[in-house]
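Participant: For the record, the sequence lines run as chains A and B. Per my numbering, residue 1 is the first one in the first sequence, and the count goes up by one each step. Per my numbering, residue 1001 is the first one in the second sequence, and the count goes up by one each step.
Just so you know, the hints here were simulated from the structure itself, not pulled from any lab data. Since we're looking at a predicted model, the values are computed, not measured. Check before you lean on any hint, since a few could be wrong.
[Said to hold, decoys possible] Mimicking EDC-like on lysine to aspartate or glutamate, the simulated pairs with C-alpha atoms at most 16 Å apart in a straight line are:
| # | chain 1 | residue 1 | chain 2 | residue 2 |
| --- | --- | --- | --- | --- |
| 1 | A | K159 | A | D170 |
| 2 | B | K1213 | B | D1194 |
| 3 | A | K401 | B | E1079 |
| 4 | B | K1191 | B | E1238 |
| 5 | A | K46 | A | E283 |
| 6 | A | K401 | B | D1058 |
| 7 | A | K401 | B | D1078 |
| 8 | A | K159 | A | D206 |
| 9 | A | K196 | A | D206 |
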Amino acid sequence: MRYLAVIKIAFRALRRNKMRTVLTMLGIIIGVGAVIAMVALGRGAKAQVEARIAALGQNVIQIFSGSINRNGVFSGFGGAGTLTVDDALAIQNEVPGVLAVSPEVRNGAQITAGENNWSTQVMGEGVDYLTIRVWDTAEGAMFTEADVRSAAKVCVLGKTTANQLFPDDDPVGKIIRISMRGGSASAPMRVLGVLKPKGANMGGQDQDDTIIVPYTTSMKRFSGAITLRMIQVSAASAEQMVSVQNGIAELLRQRHRIQAGRDDDFIMRNQQEITEAQTATTETMTALLAGVAIISLIVGGIGIMNIMLVSVTERTREIGIRMAVGARGRDILLQFLIEAVTLSSTGGLLGIALGIGGAQAITLIKQWPTTVSTESILIAFIFSAAVGIFFGFYPARKASKLDPIEALRYE
Amino acid sequence: MKPVIKLADIHKTYQTGEVEVKAVCGVSLEILQGEFVALMGASGSGKSTLMNIIGCLDRPTQGRYLLDDINVSQLSRDELADIRNQKIGFVFQGFNLLSRTSALENVELPMLYTRQHLEGATQRERALKALGIVGLGDRADHKPNQLSGGQQQRVAIARALANQPALLLADEPTGNLDSHTSIEIMGVFQKLNDQGITIVMVTHELDVAQYTKRMIVMRDGKVVGDSPVAKRSNAEKESTRLQEEQKAAQLAH
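Let the sequences and hints guide you as you build the complete structure.
Facilitator: Take a look at the structure:
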């Protein structure tokens, strides 16, 4: 029996009952559409998270000082104040595979520039900070090693802060005043540059709402602090991350005189760990959405099975005629199976169109990023065809097992 | 002439619940090539069961059946399907055409299930030829609901002829038709028989059986009569006579 002829017969049978065909396909259309749109949404979210992680910098290792326990009261991470500038310098000089190091201190401050004022985070950093974060200035330049050594009164503005303080002017070369919260000191600072916008971080914080000054300036002129909040380190390559991390741990334990068997007084986080935690969340979401979508596909498949069973009963006489003129059971089985698969895969194709349209609509209306992948289209199509085979088999088999005499007599 | 059908002591027993129904018990028959046989009998006589066996739709519980020298009594379902496809053409009382399908495609249907692959063009050609034989060459594109009862039965006959079978098997072919159209259809059968096609027709109407050459009568699952038709009707003459009668009736008014 020619397959083309069977497919033709299947299409004709489906066209004969347009309304029923469309309603039956609707289950598959919605199921496949949901799979495509949901997976696109999940992938879009994942891509966004990955972009944010990449924005963190390259092969970044963050070292925080550990928490401290005073009479049973724990401070948070960074509270122990165990990290010093010398630690940072030692890491730079002694651990192999380290590309760049930036000591970091942070303080909230009120900034004034002429008639405008703004409250933001002042980050005390090293010269290599922008290298580690893969960041750059849009205008002007970063402060230099000499500025760090002399604790110069210079700063670089984040885009948001620059916009707030200088809504109309070019900030480069202008003077601003920084007054640290809790401190009495207030100093005029010269703006050296403005950073390129970087957007929100994974916590949703605006990373452009900041001012960067040399860490020496922050520590000596404003806060008077002698310990660091954290040390940012960038490894030369992804492969060296582990060895660099081990090297740092060994060095710091030695420098802090921590005996074997006792806990570290610092915490290290690397980018991979952060990445894994974040992508695991979005992957769970994607799996959840896909699961819901697959359930709707199965429900669609049951709809197909139902209609095929009705169709077999309705067309008992036709089956009888076909058998009388020489159709084997296998021919009848194939005919109904192809009909079911045609039903489900046509529904699948329409569903793919619906899913792509839906994903675009979500992006347009909700501004959520979506990524429709060829992979998910392919899987959805194969799956819908498989639904047709799986749920079409029982009715088709039932048709093929009919007794020709009984079938011919059927009214 | 060699026998097309050779039945030897055919039995068919149905098991309906506790009761055993002997539908056919011990039928032996020989039907030669070119014969035109009427299989007659009241309902319950076993003629339908015997026809199903002859038509390879059913298997005998006992006995030997040679169709065109092939022993078909113990073949499998699939093998029987192939035999039906190649050796037998069916004509039913209710026409049994596929609705919403053109006459041509209905006639092509048996060729769709032929094991040796036929080109689409060959199928079409053969189907058109078969429609030509029954006088419907110009109605190939018509759907069954656009055709009269007589025309539908002609399409069914063309379908039966499509694979050039050894045997044409008709089950009450005139049962759903008026007397005038019945004669017309019997004329088609007589013409086909004149060309050498073997026909077995099941009927319970004696005047229809008069068009055949041989009458086999069944009762209670057994053959009780088997004789040549003495006063054979000729469909062509009958038809002309009917038309003249009608004309005369019209003139009289």
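Participant: For a quick check of understanding: which of the numbered hints are violated here, in increasing order?
Facilitator: Per hint list: zero violations.
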